[in-house]
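S.K.: Sequence:
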Amino acid sequence: MENISPRRIDFWPYDVFGYLLPGMISIGSLIWSNNWFLKYLSNNLPDNEFYVITIFLASSYLAGHLISAISSLVLERIIVRHTIKYPTERMFDRRNVDKRKRWFSSSYTRPYSESFIRLVNHRFQAIYEMIPSDVHDRFWLAWSYVTLHHLPAFRRSTHFLELYGFARNTCMSLFLAAIYPFFWSLFKCWNEEISVCIWITVSMIFSVIMFF
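For the sequence shown, our numbering assigns the number 16 to the initial residue and increments by one for each residue that follows.
Hints may be right or wrong, so weigh each one.
Claimed, not checked - Computed beta-carbon distance windows for the label pairs: (1) R125 x G43: 34 to 40 angstroms; (2) R96 x V211: 29 to 35 angstroms; (3) H137 x V67: 55 to 61 angstroms; (4) H151 x I70: 35 to 41 angstroms; (5) I94 x V211: 22 to 28 angstroms; (6) I215 x Y55: 23 to 29 angstroms; (7) S148 x R125: 17 to 23 angstroms; (8) L163 x E64: 41 to 47 angstroms; (9) R110 x I209: 45 to 51 angstroms; (10) R170 x S87: 21 to 27 angstroms; (11) H137 x S74: 45 to 51 angstroms; (12) G43 x Y127: 38 to 44 angstroms; (13) I224 x Y127: 25 to 31 angstroms; (14) D62 x P102: 47 to 53 angstroms.
Keep in mind the hints are simulated off the structure, nothing from the lab.
A virtual CB, placed ideally from N, CA and C, is assigned to each residue, including glycine.
The task is simple: from the sequences and hints, build the whole structure.
M.R.: Laid out in structure tokens, this is it:
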């Protein structure tokens with residue numbers, strides 16, 4: 016078993032996939048859909064392209080953090096937690112397996128085998144002298160152990176984490192974009208060159224795709 020020392024990573028791919036890209040979608044759709052923003056920027060943008068790009072990237076990165084906080088609350092703690100449940104809850108619980116509604120994919124709703132669950136619980140007991148009952152405790156204990164002792168598994172898990180962050184936060188960015196027309200119409204600043212129906216439909220379709 017390989018031991019590695021934890022290293023500080025100031026900027027890693029999650030910053031790009033989890034924050035920057037969803038933030039770019041949010042900021043871009045915010046500007047494009049608002050006629051007032053378009054007119055203001057077209058008349059006040061500086062000639063220095065590097066300055067404009069830097070401001071846009073910085074704003075997108077900050078917006079991505081806000082989107083991440085909103086999506087964590089709405090998508091995870093409200094929707095996922097009370098509907099399809101967390102994977103660490105569904106996949107380690109074999110009660111009423113046949114009665115569960117398979118809303119999405121069988122690979123997500125199907126729990127681990129009893130032998131695998133016993134093996135995992137045995138490892139928790141051997142390492143931590145406890146078997147965590149809370150789904151968050153189970154995840155973070157496993158994550159911390161993999162981080163310190165299994166570099167290949169850590170790299171693979173961070174890859175999935177980056178994809179998950181991108182999907183979750185992009186889903187929320189697109190959902191927020193879908194409701195922009197309702198706000199901009201109140202202030203009479205909606206970009207009339209864009210069809211409201213098409214905007215909402217496309218935004219919601221891609222938001223649902225990113226959720227699943």
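S.K.: Are the hints correct? Go through all of them and say.
M.R.: For each hint, the structure was consulted:
no. : hint                            : in the structure
1   : R125 x G43: 34 to 40 angstroms  : holds (38 angstroms)
2   : R96 x V211: 29 to 35 angstroms  : holds (32 angstroms)
3   : H137 x V67: 55 to 61 angstroms  : holds (57 angstroms)
4   : H151 x I70: 35 to 41 angstroms  : holds (37 angstroms)
5   : I94 x V211: 22 to 28 angstroms  : holds (25 angstroms)
6   : I215 x Y55: 23 to 29 angstroms  : holds (24 angstroms)
7   : S148 x R125: 17 to 23 angstroms : holds (21 angstroms)
8   : L163 x E64: 41 to 47 angstroms  : holds (44 angstroms)
9   : R110 x I209: 45 to 51 angstroms : holds (49 angstroms)
10  : R170 x S87: 21 to 27 angstroms  : holds (24 angstroms)
11  : H137 x S74: 45 to 51 angstroms  : holds (49 angstroms)
12  : G43 x Y127: 38 to 44 angstroms  : holds (41 angstroms)
13  : I224 x Y127: 25 to 31 angstroms : holds (27 angstroms)
14  : D62 x P102: 47 to 53 angstroms  : holds (50 angstroms)
Taken one by one, the earlier hints all hold for this structure without exception.
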